[in-house]
Amino acid sequence: MYHKTPGYKTFSVFNYLLLTLICISCILPLIHILAVSFSGSAPANSNLVGLLPIDFNTEAYAKTLHNSNFHRALFVGVQRTVLGTVIGMLLIVLAAYAISKDAHGFRSRTIYTWFFLFTMLFSGGIVPSYMLIRNLDLMNTIWALVLPVAVNVFNMVLMMNFFRAVPRELEEASLMDGAGHFRTLWSVYLPISLPALATISLFTMVFHWNSWFDGLLYMTDYRNYPLSTFLQTVIVQQDFNQINVDVNEMKNLSQRTVKAAQIFIGTLPILLVYPFLQKYFVKGIILGAVKE
Amino acid sequence: MKSTVKSAPPAPVATSPARIPRSSVRKPRERWSLTWPLHLMLLPAVLVTILFAYVPMGGLAMAFQDFKPYDGIFGSPFVGLEHFRFMFEYPDSKQVILNTLIIAGLKIVFGLLVPFAFAILLNEIRMIFFKRVVQTLVYLPHFISWVILGAILTDMLSSEGIVNQTLSAIGLQPVFWLGDGNWFRFTVVVSDIWQNFGFNTIVFLAALAGVNPSLYEAAEVDGASRWRQTLHITMPAMIPIAVVVGTLSLGNILNAGFDQIFNLYNPLVYDKGDIIDTFVYRTAILNGQYSFGTAVGMFKSMVGLILIVISYRLAAKYAGYRIF
Chain A
0 MYHKTPGYKT
10 FSVFNYLLLT
20 LICISCILPL
30 IHILAVSFSG
40 SAPANSNLVG
50 LLPIDFNTEA
60 YAKTLHNSNF
70 HRALFVGVQR
80 TVLGTVIGML
90 LIVLAAYAIS
100 KDAHGFRSRT
110 IYTWFFLFTM
120 LFSGGIVPSY
130 MLIRNLDLMN
140 TIWALVLPVA
150 VNVFNMVLMM
160 NFFRAVPREL
170 EEASLMDGAG
180 HFRTLWSVYL
190 PISLPALATI
200 SLFTMVFHWN
210 SWFDGLLYMT
220 DYRNYPLSTF
230 LQTVIVQQDF
240 NQINVDVNEM
250 KNLSQRTVKA
260 AQIFIGTLPI
270 LLVYPFLQKY
280 FVKGIILGAV
290 KE
Chain B
0 MKSTVKSAPP
10 APVATSPARI
20 PRSSVRKPRE
30 RWSLTWPLHL
40 MLLPAVLVTI
50 LFAYVPMGGL
60 AMAFQDFKPY
70 DGIFGSPFVG
80 LEHFRFMFEY
90 PDSKQVILNT
100 LIIAGLKIVF
110 GLLVPFAFAI
120 LLNEIRMIFF
130 KRVVQTLVYL
140 PHFISWVILG
150 AILTDMLSSE
160 GIVNQTLSAI
170 GLQPVFWLGD
180 GNWFRFTVVV
190 SDIWQNFGFN
200 TIVFLAALAG
210 VNPSLYEAAE
220 VDGASRWRQT
230 LHITMPAMIP
240 IAVVVGTLSL
250 GNILNAGFDQ
260 IFNLYNPLVY
270 DKGDIIDTFV
280 YRTAILNGQY
290 SFGTAVGMFK
300 SMVGLILIVI
310 SYRLAAKYAG
320 YRIF
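Heads up: the protein sequence lines correspond to chains A and B, in order.
Residue 173 in numbering that gives the first Met the number 0 sits at position 174 of the first sequence; the count goes up by one each step and never skips.
Residue 177 in numbering that gives the first Met the number 0 sits at position 178 of the second sequence; the count goes up by one each step and never skips.
Here chain B stands alone, though its shape is the one from the complex:
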């Protein structure tokens, strides 16, 4: 960790006002005659963003109302935090929050460990051609939508599907991958890792590409085994980026993957597999409980926002990482 702290950018040093003429200390004012084309270029994107991103944020007022589409957002009665109170008392929504935390938490942990390990294994491959082929193939599932993957998995994991056939061929009991709550969670986490581990390896490979080969040579001369080299050169090279990725993924603790769950789940596994996003869709859009659905969704967005801000600060402080 020491090396990551060291690499943090130094604190900004205040420029001494004595050496700079007073007029240039103040930031120059923007010259409208020069910049109006830039504002014009931003206008379409700004209008679209206001309409489709900021107006819906205003629509969150529905969470504090007893919203009826007929009365609209300005005519519906105000109920305060009623829906939020209900959310924490209603057993179904409590269970849904718990499911989300479990599934998303497992995805975050293994979504970090598996690519880390995979990058180490790939680093030991010396045939460039083989390495390329591996990379090409493992990135692929990331680009295929969960409609397709869901359809394929539902087919392969059905009671008569190819996976259970293989299991019974080697003398094992068939498994209800998508029909039993615990197995469902297992399937969801494993298939999510399967879809994304290759893609998430990219940042680790990029970190490894920056390692100076002479480090390995020096270790070699000193008689370090390959395992020791991995332990003391390869892994430390990836730790800083692993810390950043891990910290930033905290913001996803309530993101259990709507696309995936929605395309795999069924009423049999609602007790263990239903997550906030699917619950919001069913209660609000399908059952018309708009205000309650909005409140649950808003709870998720707020927690996400707070965690992102905290984790971003942590990443900036301890790993010197800045996006903006």
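Chain A with its partners taken away, still in its complex shape:
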């Protein structure tokens, strides 16, 4: 037996050690930022905090949560996530149901599929998109963050593959009983595709929560920034010129502990949905990558 040889035993010990180190490296940054956010501002500012908080207190969170700018950004972030997920899922589910049909009875399917797939291969890029949003007068509206990304073709293909796995007999029986396509989708396909719906909704939510660049591009007024864009401007760019508000209030936000608290609050929703996400995405990726 190979795993009893001394050579393999030595390898095994090193392997476990190495993988443990790699795992630690994946969560270390988050632990560090969490420790900073719960530390006193003096040790944090002089870079004394490692992986455990020094002078434990929750002042940074209190300051963050009492900041009206942060509130507004949080609200816009939640708003775009909810609206974006609802609209996106509606469009994706309807379209995925239609293109999941066999090309035999629904010949236009091929044209539609290529019509969508081409947008994955080629795009106009940011400048024409920016001009379009300007010309449509969508600048500074929530629709600029929701509509351009509503039809996610990757998710649509994923959903289509789930629908294709539904036994053909169920659809035939439903259509035979006089239900139309809308009824069949609603009463037959959706109830048995709930895990798929949950997975793709979670993917969409994470996507919207993490999106920041469209906010920077399409919002000229910082008050319309979703949380990710707000964090990008305040913490990464440290650009307070754009956010011309009370200097003292912004000073509060730029303290190291408060920054860490904001970063952590921004990550929290992802950490909360991650266990559910992880349960499904492995299956989803394999389903999406390997056709039938």
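Treat the hints with caution; some may be incorrect.
As the list claims (entries may be wrong) - Only pairs whose alpha carbons sit at most 35 Å apart, straight line, appear in this in silico DSBU-like list of lysine-lysine:
{"hint": "1", "chain 1": "A", "residue 1": "Lys8", "chain 2": "B", "residue 2": "Lys93"}
{"hint": "2", "chain 1": "B", "residue 1": "Lys316", "chain 2": "A", "residue 2": "Lys100"}
{"hint": "3", "chain 1": "B", "residue 1": "Lys93", "chain 2": "B", "residue 2": "Lys271"}
What the hints assert, rightly or not - Chain B residues, not near chain A, derived (Cβ > 10 Å throughout):
{"hint": "4", "residue": "Leu41"}
{"hint": "5", "residue": "Phe142"}
{"hint": "6", "residue": "Leu207"}
{"hint": "7", "residue": "Ser224"}
{"hint": "8", "residue": "Leu313"}
Unchecked claim - Away from chain A, derived, C-beta distances all over 10 Å, residues of chain B:
{"hint": "9", "residue": "Gly79"}
{"hint": "10", "residue": "Ile127"}
{"hint": "11", "residue": "Val174"}
{"hint": "12", "residue": "Asp179"}
{"hint": "13", "residue": "His231"}
{"hint": "14", "residue": "Leu267"}
{"hint": "15", "residue": "Gly296"}
{"hint": "16", "residue": "Tyr317"}
To be clear, the hints were calculated from the coordinates, so they are not data collected in a lab.
The structure presented is a predicted model; accordingly, all values stated were derived computationally and were not measured.
We put the beta carbon where it would ideally sit given N, CA and C, even for glycine.
Here the structure of chain A is known, so what remains is to put chain B in place on it, guided by the hints.
Chain B in isolation, oriented as in the chain A frame:
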């Protein structure tokens, strides 16, 4: 490679027309009375796609104009390939294309090798619980946005940050991770691999899950060491998918990762760290050189499209891989 060629689907065999009645050789025409609800279901997605994906493609006409927002796309003067010529002559844009190629190339190579190696190591873990914990933790960074990761890394890699403190504690010189061009490239590639290696391991693990355990048993009986088993069973099981992933990632050769670079870079490292996407954003959106920015962006999209089509064909031909 032989096994992958063998697994390629056979060429479609033409059905002999003699055995099938003539009427059914022609594909059936679509019956509108049956399919109109399907068209209706596709309508919203089609309209949104036309407006937000295809209309901007038409907007690429700006790349051939001297576009002024006031004159609009129909009133701006036509200048032909002027902006493209300028792109290949202007030192800044040449440097930007070179930076993109270097950073994206390194990411592609190590983004393939590291998950490959990691899958082999993970395959040797026999404690199921430990394996699960490892998988859960290494997938996590993939889901965190570069705003968050950028903020954390900027903090940790600053001159006084925790990384440089550790370095000086063990007697090494502090490193300007994000302030020196070469170190910046290094940091960008390593942190990108760090973010995605776990997630990219999934496809390899899926390939390994399909390996018949009796192969290992037979090798064991024949006296093959574990290293030989890895060499002759584990690795060959992953090679086909590695070929596919590698070929398809060629389409990303000009995608050096806008989100990451934009959240990590600063004017100090523009010479070595500025990439096409960040350059387009600064020249077009911030400086108002709309046409030039569009031209550079269009160059990137065109190269990407051509490479995707070529690599997809290669993947289909040599690995029998088809997405659609």
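Hints versus structure:
Our distance criterion of 35 Å between C-alpha atoms is broken by Lys8 (chain A) and Lys93 (chain B), whose separation comes to about 52 Å. Straight-line distance between C-alpha atoms of Lys316 (chain B) and Lys100 (chain A) comes to about 27 Å, which keeps the hinted pair within the 35 Å bound. A hinted pair counts as satisfied when its Cα atoms are at most 35 Å apart, and Lys93 (chain B) with Lys271 (chain B) qualifies at roughly 12 Å. The Cβ of Leu41 (chain B) sits about 5 Å from the closest Cβ of chain A, inside the 10 Å cut-off, so the non-interface label is violated.
Listed as a non-interface residue, Phe142 (chain B) fails to keep its Cβ farther than 10 Å from every Cβ of chain A; the least gap is roughly 5 Å. Even its closest Cβ contact with chain A, about 12 Å, leaves Leu207 (chain B) beyond 10 Å, as expected for a residue assigned away from the interface. With a minimum CB-CB distance of about 6 Å to chain A, Ser224 (chain B) fails to clear the 10 Å threshold, and the non-interface call is violated. Non-interface status of Leu313 (chain B) relative to chain A is upheld: no Cβ of that chain comes within 10 Å, the nearest being about 16 Å off.
Residue-level check passed: Gly79 (chain B) sits 18 Å from the nearest beta carbon of chain A, beyond 10 Å. Look at Ile127 (chain B): its CB is around 14 Å from the nearest CB on chain A, clear of 10 Å, so calling it non-interface holds up. With a closest Cβ-Cβ approach of about 16 Å to chain A, Val174 (chain B) is found to remain outside the 10 Å limit, as its non-interface label requires. Every CB of chain A lies more than 10 Å from the CB of Asp179 (chain B), the least distance being 19 Å, so the non-interface label holds.
For His231 (chain B), the shortest C-beta to C-beta distance to chain A comes to about 13 Å, beyond the 10 Å cut-off, and the non-interface label holds. Against the 10 Å criterion, Leu267 (chain B) stays outside the reach of chain A, whose nearest CB is about 15 Å from its own CB. Not every Cβ of chain A is farther than 10 Å from the Cβ of Gly296 (chain B); the closest lies at roughly 3 Å, contradicting the non-interface assignment. Tyr317 (chain B), annotated as away from the interface, keeps every beta carbon of chain A farther than 10 Å; the closest lies near 17 Å.
When each numbered hint is compared with the structure, violations occur for hints 1, 4, 5, 7, 15.
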